[in-house]
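Participant: Spelled out, the chains give:
2 protein chains.
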Amino acid sequence: MKLSFQKSNLLNGINIVSKAVPSKTTMPILECILIDATEEEIKLTANDMELAIETKVEGSILEKGKICIDAKLFSEIIRKLPDSEVIIEEKDEKIAILCEKANFSISGRRGDDFAYMPSVETDQYICLSQFTLKETIRQTIFSIAVNENNKLMTGELFEIEGNQLKVVSLDGHRISIRNVELKDSYEKKKVVVPGKTLIEISRILPGDADKDVYIFFSKNHILFEFDQTMVLSRLIEGEYFKIDQMISSDFETKITVNKKDILDSIERSVLLIRESDKKPIIMDIKEESMELSLNSVIGSMKEDILIHKKGKDILIGFNPRFLIDALRVIDDEEITIYMVNSKAPCFIRDEENQYIYLILPVNFNVSR
Amino acid sequence: MKLSFQKSNLLNGINIVSKAVPSKTTMPILECILIDATEEEIKLTANDMELAIETKVEGSILEKGKICIDAKLFSEIIRKLPDSEVIIEEKDEKIAILCEKANFSISGRRGDDFAYMPSVETDQYICLSQFTLKETIRQTIFSIAVNENNKLMTGELFEIEGNQLKVVSLDGHRISIRNVELKDSYEKKKVVVPGKTLIEISRILPGDADKDVYIFFSKNHILFEFDQTMVLSRLIEGEYFKIDQMISSDFETKITVNKKDILDSIERSVLLIRESDKKPIIMDIKEESMELSLNSVIGSMKEDILIHKKGKDILIGFNPRFLIDALRVIDDEEITIYMVNSKAPCFIRDEENQYIYLILPVNFNVSR
Numbered sequence: 001m002k003l004s005f006q007k008s009n010l011l012n013g014i015n016i017v018s019k020a021v022p023s024k025t026t027m028p029i030l031e032c033i034l035i036d037a038t039e040e041e042i043k044l045t046a047n048d049m050e051l052a053i054e055t056k057v058e059g060s061i062l063e064k065g066k067i068c069i070d071a072k073l074f075s076e077i078i079r080k081l082p083d084s085e086v087i088i089e090e091k092d093e094k095i096a097i098l099c100e101k102a103n104f105s106i107s108g109r110r111g112d113d114f115a116y117m118p119s120v121e122t123d124q125y126i127c128l129s130q131f132t133l134k135e136t137i138r139q140t141i142f143s144i145a146v147n148e149n150n151k152l153m154t155g156e157l158f159e160i161e162g163n164q165l166k167v168v169s170l171d172g173h174r175i176s177i178r179n180v181e182l183k184d185s186y187e188k189k190k191v192v193v194p195g196k197t198l199i200e201i202s203r204i205l206p207g208d209a210d211k212d213v214y215i216f217f218s219k220n221h222i223l224f225e226f227d228q229t230m231v232l233s234r235l236i237e238g239e240y241f242k243i244d245q246m247i248s249s250d251f252e253t254k255i256t257v258n259k260k261d262i263l264d265s266i267e268r269s270v271l272l273i274r275e276s277d278k279k280p281i282i283m284d285i286k287e288e289s290m291e292l293s294l295n296s297v298i299g300s301m302k303e304d305i306l307i308h309k310k311g312k313d314i315l316i317g318f319n320p321r322f323l324i325d326a327l328r329v330i331d332d333e334e335i336t337i338y339m340v341n342s343k344a345p346c347f348i349r350d351e352e353n354q355y356i357y358l359i360l361p362v363n364f365n366v367s368r
Numbered sequence: 001m002k003l004s005f006q007k008s009n010l011l012n013g014i015n016i017v018s019k020a021v022p023s024k025t026t027m028p029i030l031e032c033i034l035i036d037a038t039e040e041e042i043k044l045t046a047n048d049m050e051l052a053i054e055t056k057v058e059g060s061i062l063e064k065g066k067i068c069i070d071a072k073l074f075s076e077i078i079r080k081l082p083d084s085e086v087i088i089e090e091k092d093e094k095i096a097i098l099c100e101k102a103n104f105s106i107s108g109r110r111g112d113d114f115a116y117m118p119s120v121e122t123d124q125y126i127c128l129s130q131f132t133l134k135e136t137i138r139q140t141i142f143s144i145a146v147n148e149n150n151k152l153m154t155g156e157l158f159e160i161e162g163n164q165l166k167v168v169s170l171d172g173h174r175i176s177i178r179n180v181e182l183k184d185s186y187e188k189k190k191v192v193v194p195g196k197t198l199i200e201i202s203r204i205l206p207g208d209a210d211k212d213v214y215i216f217f218s219k220n221h222i223l224f225e226f227d228q229t230m231v232l233s234r235l236i237e238g239e240y241f242k243i244d245q246m247i248s249s250d251f252e253t254k255i256t257v258n259k260k261d262i263l264d265s266i267e268r269s270v271l272l273i274r275e276s277d278k279k280p281i282i283m284d285i286k287e288e289s290m291e292l293s294l295n296s297v298i299g300s301m302k303e304d305i306l307i308h309k310k311g312k313d314i315l316i317g318f319n320p321r322f323l324i325d326a327l328r329v330i331d332d333e334e335i336t337i338y339m340v341n342s343k344a345p346c347f348i349r350d351e352e353n354q355y356i357y358l359i360l361p362v363n364f365n366v367s368r
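These protein sequence lines map, in sequence, to chains C and Z. Under the numbering used here, the first sequence has 179 at position 179, and the numbering climbs by one with no breaks. Under the numbering used here, the second sequence has 272 at position 272, and the numbering climbs by one with no breaks.
Check before you lean on any hint, since a few could be wrong.
Copies of the same chain look alike in the list, so a pair counts if it works inside one copy or between any two.
In silico EDC-like pairs for lysine to aspartate or glutamate, Cα to Cα no more than 16 Å straight-line [what the hints assert, rightly or not]:
| hint | residue 1 | residue 2 |
| --- | --- | --- |
| 1 | 2 | 92 |
| 2 | 7 | 76 |
| 3 | 260 | 333 |
| 4 | 24 | 352 |
| 5 | 80 | 267 |
| 6 | 260 | 76 |
| 7 | 151 | 239 |
| 8 | 310 | 250 |
I should point out that these hints are in silico values taken from the structure, not numbers from a laboratory.
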């Protein structure tokens with residue numbers, strides 16, 4: 001095998017597929033990137049058996065072949081080369097990397113030993129902009145569950161109906177929902193995508209508003225295709241939680257507040273909380289103003305914030321970090337929070353239901 | 001006590017003194033910053049008993065007093081406040097921090113419990129620009145010894161004679177020397193300054209070329225004074241190594257080479273070395289060109305670099321990281337390396353002896 005690349009093209013390809021290289025594994029072949037130039041194109045692939053990424057790299061095939069190279073070493077060497085033409089030559093699993101006067105020689109592994117990506121039928125799919133997918137992941141990914149006790153909670157629901165895509169994540173204390181309008185209508189579909197896959201996708205998606213991502217579904221897999229790249233992931237099996245039963249539009253109290261004011265204030269309050277601590281932030285909502293307060297072993301804080309209120313006064317406590325997570329991903333200048341009573345979840349949502357963030361309140365000692 | 005500040009002034013002061021707050025200590029008072037407004041100025045001080053930093057902060061004293069506040073919490077709270085006026089009020093060791101609508105209450109500690117900085121007589125001193133001091137530290141600090149087996153090696157020699165300041169560090173494998181010309185002449189002086197002190201100084205020194213640092217010496221202490229800040233440190237006791245005996249100007253081979261070319265090449269070579277490994281980079285110096293090569297379990301590399309040579313051909317090996325450390329802090333486009341034989345140290349130095357970097361070679365198996 002003998003290939004020629006511009007350094008920047010090759011490095012870009014390596015950076016993309018490296019996202020699927022596991023940081024720890026007992027199978028050394030998984031730590032490799034496969035360079036496949038057996039056909040007319042040069043493809044790089046990495047595969048950790050849950051997630052596989054393949055990308056095409058521009059370059060010249062001087063002699064066909066394929067080989068596996070340790071991903072970390074390959075990436076480090078290419079990064080340090082001058083910005084020039086890079087030649088990669090392989091013979092008997094010995095790889096030479098040449099660039100200007102630099103001349104590296106390292107060992108590779110047989111390309112045939114590499115685990116290929118399973119193929120996915122491409123009859124069921126949806127299409128949306130890179131920007132929308134990247135944003136939607138960012139706006140929901142924080143409320144997947146971290147521990148694996150309930151596998152379904154570590155993923156996100158992708159539900160398609162007509163021209164609507166609904167993306168949902170939940171962890172038992174809160175639910176994040178984003179509704180996205182698609183350009184076309186599609187068949188009904190409901191899958192649960194691993195959170196890890198979505199995190200890696202959003203890292204490698206350039207996020208252009210005028211470029212598209214195609215998402216293909218098969219029984220056990222989901223395939224994301226964009227630019228020169230394909231990301232394939234297993235789906236999480238099982239029936240996702242029935243969200244609609246948890247969402248209500250009844251309320252006793254409705255407040256509208258400047259997002260930056262309330263977010264800044266809550267971000268300050270968490271300075272008084274050490275990790276192990278679980279102190280709530282308490283909202284004392286009255287006519288036209290809300291007092292936020294927090295007491296911990298470290299100290300106390302309180303702040304008054306102007307609001308517009310409809311309905312009853314209410315005293316309610318929340319985990320401040322859950323509020324912060326939701327508020328940070330809402331782009332609106334003003335937000336509206338709906339509440340029923342101090343034991344029922346609050347809803348932060350816009351009028352069009354493009355986003356709904358449900359957060360359970362926490363009990364607190366009123367006397368403090 | 002009641003004080004008023006602009007947030008940015010207060011935060012700047014906290015950032016400066018925080019460099020002397022130890023990350024781990026069994027004495028909680030050392031984790032504090034002392035706010036002292038008992039006189040006409042507001043001073044912040046931190047002191048880990050080896051190193052103390054004091055800085056004056058612009059602000060109004062509405063009521064005199066002093067108090068100690070946990071440095072980390074204080075810094076986090078002030079950073080998160082709006083860019084506005086901050087009021088700090090203390091009564092019975094309870095501290096209120098007020099800024100716009102934010103209202104924090106935290107506990108402090110008695111100011112009297114704080115360990116004050118010892119005073120230093122100010123009759124012996126030197127003066128140099130902030131830029132020069134910061135640069136000189138950067139250009140020498142990497143070759144102090146990391147482990148404490150020989151305390152003197154963990155510091156840097158500051159030697160003053162006439163209008164010359166010589167700064168030296170060494171770790172048993174290499175020596176770094178910078179000679180700085182001062183504007184004035186001073187009395188002879190020779191002290192060893194702890195490396196940690198110099199690292200913290202170079203972090204807080206703004207580094208302006210047209211602002212000065214005054215350095216005062218007493219028997220056991222060194223005091224750096226610049227802008228509104230004073231940094232006091234213990235000196236390391238003992239007689240420093242006799243450097244002059246180790247420096248020779250004899251050579252058998254002298255090469256001149258483009259600094260970027262040789263540095264880039266050596267930086268690439270270390271990609272083939274894992275941490276525990278100790279493979280040398282081998283220089284095969286011939287007429288007009290030098291071959292750099294490195295072999296390790298991971299792979300091998302070689303590169304040819306153009307040089308100008310005077311004297312004998314030579315084959316010599318070095319720890320590549322020692323070469324990298326020295327080359328990175330030399331600003332010259334071309335550098336000159338002097339060598340005697342493959343067992344004797346090489347010298348990288350300029351004609352004026354503004355810098356001298358001595359590096360011991362390492363043995364290697366010629367057959368490879």
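Participant: Looking back at the numbered hints, which does the structure fail to meet, lowest number first?
Facilitator: 4 and 6
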